[in-house]
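Trainee: Please take these sequences and the hints and turn them into a complete structure.
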Amino acid sequence: MPAPENPESDDPVDEVSAAGSSVADSSTEQAPAEESPVEESPTDHKTAALEMRGIRKVYQSGDAEVVALDHATVTVAADEILALVGPSGSGKSTLLSIAGGLLSPSEGTVVVGGEEVTQYTHKELTSFRRNSIGFVFQSVNLVPFLTARENLLVVSEFGGRDKKTARARADLLLGELGLGGRLGNLPGQLSGGERQRVAIGRALMNEPELVLIDEPTSALDTKLGEQVMELIVNEVKGRRTAAVIVTHDKRMTHYADRTVEILDGHLAA
Amino acid sequence: MRLAVRELRRKPLRFAVAGTALFILTMLLLFLGGLLDGLYSGSTGVLRSQSAQLVVFSADARSSLIRSRIDPAERATIEAVPGVERTDGLGVALVGAEVPGETNLADAVVVGYQSATASIPAPPAPGEAYADRSLERHGVKVGQTIGMGPQRVPVTIVGWVTDANFLLQSGVWVEPATWRQVLGSSRPDSNLSDGTFQSLLVTTAPGANPNDVATAIDDATGGKTDTLTRADAVLALPGLKEQNSTFTSIIGVTLFVAGLVIALFFALLTLERTGLYAVLKAIGASTRQIFEGVVLQAVVVATISFLFGATLVYLVAPLLSRALPFQLEPVRTVVTFVGLLVMSVLGSAISLRRVVKVDPASAIS
Numbered sequence: 001m002p003a004p005e006n007p008e009s010d011d012p013v014d015e016v017s018a019a020g021s022s023v024a025d026s027s028t029e030q031a032p033a034e035e036s037p038v039e040e041s042p043t044d045h046k047t048a049a050l051e052m053r054g055i056r057k058v059y060q061s062g063d064a065e066v067v068a069l070d071h072a073t074v075t076v077a078a079d080e081i082l083a084l085v086g087p088s089g090s091g092k093s094t095l096l097s098i099a100g101g102l103l104s105p106s107e108g109t110v111v112v113g114g115e116e117v118t119q120y121t122h123k124e125l126t127s128f129r130r131n132s133i134g135f136v137f138q139s140v141n142l143v144p145f146l147t148a149r150e151n152l153l154v155v156s157e158f159g160g161r162d163k164k165t166a167r168a169r170a171d172l173l174l175g176e177l178g179l180g181g182r183l184g185n186l187p188g189q190l191s192g193g194e195r196q197r198v199a200i201g202r203a204l205m206n207e208p209e210l211v212l213i214d215e216p217t218s219a220l221d222t223k224l225g226e227q228v229m230e231l232i233v234n235e236v237k238g239r240r241t242a243a244v245i246v247t248h249d250k251r252m253t254h255y256a257d258r259t260v261e262i263l264d265g266h267l268a269a
Numbered sequence: 270m271r272l273a274v275r276e277l278r279r280k281p282l283r284f285a286v287a288g289t290a291l292f293i294l295t296m297l298l299l300f301l302g303g304l305l306d307g308l309y310s311g312s313t314g315v316l317r318s319q320s321a322q323l324v325v326f327s328a329d330a331r332s333s334l335i336r337s338r339i340d341p342a343e344r345a346t347i348e349a350v351p352g353v354e355r356t357d358g359l360g361v362a363l364v365g366a367e368v369p370g371e372t373n374l375a376d377a378v379v380v381g382y383q384s385a386t387a388s389i390p391a392p393p394a395p396g397e398a399y400a401d402r403s404l405e406r407h408g409v410k411v412g413q414t415i416g417m418g419p420q421r422v423p424v425t426i427v428g429w430v431t432d433a434n435f436l437l438q439s440g441v442w443v444e445p446a447t448w449r450q451v452l453g454s455s456r457p458d459s460n461l462s463d464g465t466f467q468s469l470l471v472t473t474a475p476g477a478n479p480n481d482v483a484t485a486i487d488d489a490t491g492g493k494t495d496t497l498t499r500a501d502a503v504l505a506l507p508g509l510k511e512q513n514s515t516f517t518s519i520i521g522v523t524l525f526v527a528g529l530v531i532a533l534f535f536a537l538l539t540l541e542r543t544g545l546y547a548v549l550k551a552i553g554a555s556t557r558q559i560f561e562g563v564v565l566q567a568v569v570v571a572t573i574s575f576l577f578g579a580t581l582v583y584l585v586a587p588l589l590s591r592a593l594p595f596q597l598e599p600v601r602t603v604v605t606f607v608g609l610l611v612m613s614v615l616g617s618a619i620s621l622r623r624v625v626k627v628d629p630a631s632a633i634s
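So the sequences go chain by chain: A and B.
Residues in the first sequence are numbered consecutively from 1, following my numbering.
Residues in the second sequence are numbered consecutively from 270, following my numbering.
It should be emphasised that the hints constitute simulated quantities derived from the structure, not laboratory data.
One or more hints might be untrue.
Result set (DMTMM-like, lysine to aspartate or glutamate): computed pairs, CA atoms no more than 25 Å apart in a straight line [as the list claims (entries may be wrong)]:
#, chain 1, residue 1, chain 2, residue 2
1, A, Lys123, B, Glu561
2, B, Lys626, A, Glu107
3, B, Lys626, A, Glu65
4, A, Lys123, B, Asp628
5, B, Lys493, B, Glu541
6, A, Lys163, B, Glu561
7, A, Lys164, B, Glu561
8, B, Lys626, A, Glu124
9, B, Lys626, A, Asp63
10, B, Lys493, B, Glu354
11, A, Lys237, A, Asp171
12, B, Lys626, B, Glu561
13, B, Lys626, B, Glu541
14, A, Lys250, A, Asp221
15, A, Lys237, A, Glu261
16, B, Lys280, A, Glu157
Simulated restraints, written as ranges between beta carbons of each label pair [what the hints assert, rightly or not]:
#, chain 1, residue 1, chain 2, residue 2, range
17, A, Thr118, B, Asp628, 14 to 20 Å
18, B, Leu282, A, Tyr59, 36 to 42 Å
19, A, Thr118, B, Leu537, 52 to 58 Å
20, A, Gly180, B, Leu576, 52 to 58 Å
21, B, Val286, A, Gly192, 28 to 34 Å
The following residues of chain A were derived to be distant from chain B, with all beta-carbon distances above 12 Å [as the list claims (entries may be wrong)]:
#, residue
22, Asp70
23, Gly178
24, Leu183
25, Glu194
26, Gln227
27, His266
In this text, a Cβ means the ideal position worked out from N, Cα and C, and glycines have one as well.
Mentor: Structure (structure tokens):
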């Protein structure tokens, strides 16, 4: 499948700067609305899904400091898919964790959907993840004793959402993902690809601002990996949701609107 | 919460080890409790079946019914004490009972009493007795005449009473003259004159403070008596306190072990689920929601184990009570259940620290 064209690829909010460099003001240099392939309000254009500015993450290792991210700045537009590539230990997972409110940065600011989350407490971060972020984990990580449908519903149960609405959404998502006939199957009864699709459905269950996907194809063969990537792109784009896909597989980067490389905690466009 | 329930339903075998351990501990707890209650009720029925507030012993008897003597003169002094409404004599004689057709003697206590209580009818005619139902196990029947003591004083059973034993010997309740006859025949040195009893049961006047009346009685007799409340008199029975404290300690240790089993099991389970909890936290579960699930699982496992354990103990209780002083009280069952629930909550709470420490960031690594 060809990489989807990003209609806002010239938009300055798409810019990725390396450590210490600035990011253009998205509010003044937004692409014209008529260039967008879908109808969007001006507000949609102005609000980036993710803005990370000057992010630094330092871990203590004995007396030494390990810099996992060094003044990383990145912005992801509201319906953009960004691929983040880099070798092991380059800081990909740290960046993803900070973007998703799993880790707090040592320095810098994180804004998701126009909401700054940098100073959030643990409780606020939990609520933020529950309502605004969708995760697809490397090893899928479905709850093994829940059916495909329940693995989606668990997200809404944590948020105390209406059961009937949640059930309808779970069934809709799984239907779209080609799992309409597998709603009642446990993960152990699903193939690797099917499990990955359930995980994608789970990530979209809470209608997130941003979907963070960690190595989605690492456990799949090339063909299945491509199918999964197509599915991710279709589902994410279809909902005009932003996504960051972490991958070490450069063959998969053409599915993204943009690719950013990360090396030793430094981002490079 | 729903997640925890679904795991219990779909992966019940995961909890089988803890469930089995708690099932065994439940049976042990109820068995120990049943023995304690059986020993307690079998030892104290004579005093507990009374309705009087006070029990008067002679001062030198050290609160022992067998050693105590209250003669008519002392009784008259006691009856004159303000706050004393009425007095009733009480005496016991520990003897063997010869039951027709039975080769072994039945251990019995002949209780001489003067008035009906809430659970014991008014004294029968001389030579007749109400027998505790525990004597049925020894072949005793209503209408049968059994021989009491070494001289086999004949006593005809005219009805049954329950929970009316003393020092684990079956109660045979008779009017005072028959009791004196049996006592005198079994212990010639213990012949008591008419009107003399081993102890006096004192019913206090309405509004009178039993403790004040007890003090007044002992003052009035010049220190020749030792008056106790009925509850204190029960506890003063030989070995009763030691028996209670020993069993209570064993039951406490067993409950602690139950808590330890729950704590260890759920600590291990939490350790095993660290990855799952990290994912759940990452997708928005709070520590509280996860911890509530752990506690719920511990409570459900403890409850189901208790139900199985209690059912089995209740099924075998009739067999046990034939061979042992075993008596399963509903209150004991409820208290054991509540104790187990408390230990399941406390035990599972040990996992809280580990649940708190689960880092959602570890879901991405």
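Trainee: Now tell me, hint by hint, if it's right for this structure.
Mentor: Hint by hint, here is what the structure shows:
no., hint, verdict
1, Lys123(A) to Glu561(B), "holds (16 Å)"
2, Lys626(B) to Glu107(A), "holds (23 Å)"
3, Lys626(B) to Glu65(A), "holds (22 Å)"
4, Lys123(A) to Asp628(B), "holds (13 Å)"
5, Lys493(B) to Glu541(B), "violated (71 Å)"
6, Lys163(A) to Glu561(B), "holds (20 Å)"
7, Lys164(A) to Glu561(B), "holds (24 Å)"
8, Lys626(B) to Glu124(A), "holds (17 Å)"
9, Lys626(B) to Asp63(A), "holds (23 Å)"
10, Lys493(B) to Glu354(B), "holds (20 Å)"
11, Lys237(A) to Asp171(A), "holds (19 Å)"
12, Lys626(B) to Glu561(B), "holds (15 Å)"
13, Lys626(B) to Glu541(B), "holds (14 Å)"
14, Lys250(A) to Asp221(A), "holds (14 Å)"
15, Lys237(A) to Glu261(A), "holds (22 Å)"
16, Lys280(B) to Glu157(A), "holds (20 Å)"
17, Thr118(A) to Asp628(B): 14 to 20 Å, "holds (19 Å)"
18, Leu282(B) to Tyr59(A): 36 to 42 Å, "holds (40 Å)"
19, Thr118(A) to Leu537(B): 52 to 58 Å, "violated (37 Å)"
20, Gly180(A) to Leu576(B): 52 to 58 Å, "violated (40 Å)"
21, Val286(B) to Gly192(A): 28 to 34 Å, "holds (32 Å)"
22, Asp70, "holds (19 Å)"
23, Gly178, "holds (22 Å)"
24, Leu183, "holds (15 Å)"
25, Glu194, "holds (18 Å)"
26, Gln227, "holds (23 Å)"
27, His266, "holds (20 Å)"
The earlier numbered hints that this structure contradicts are 5, 19, 20.
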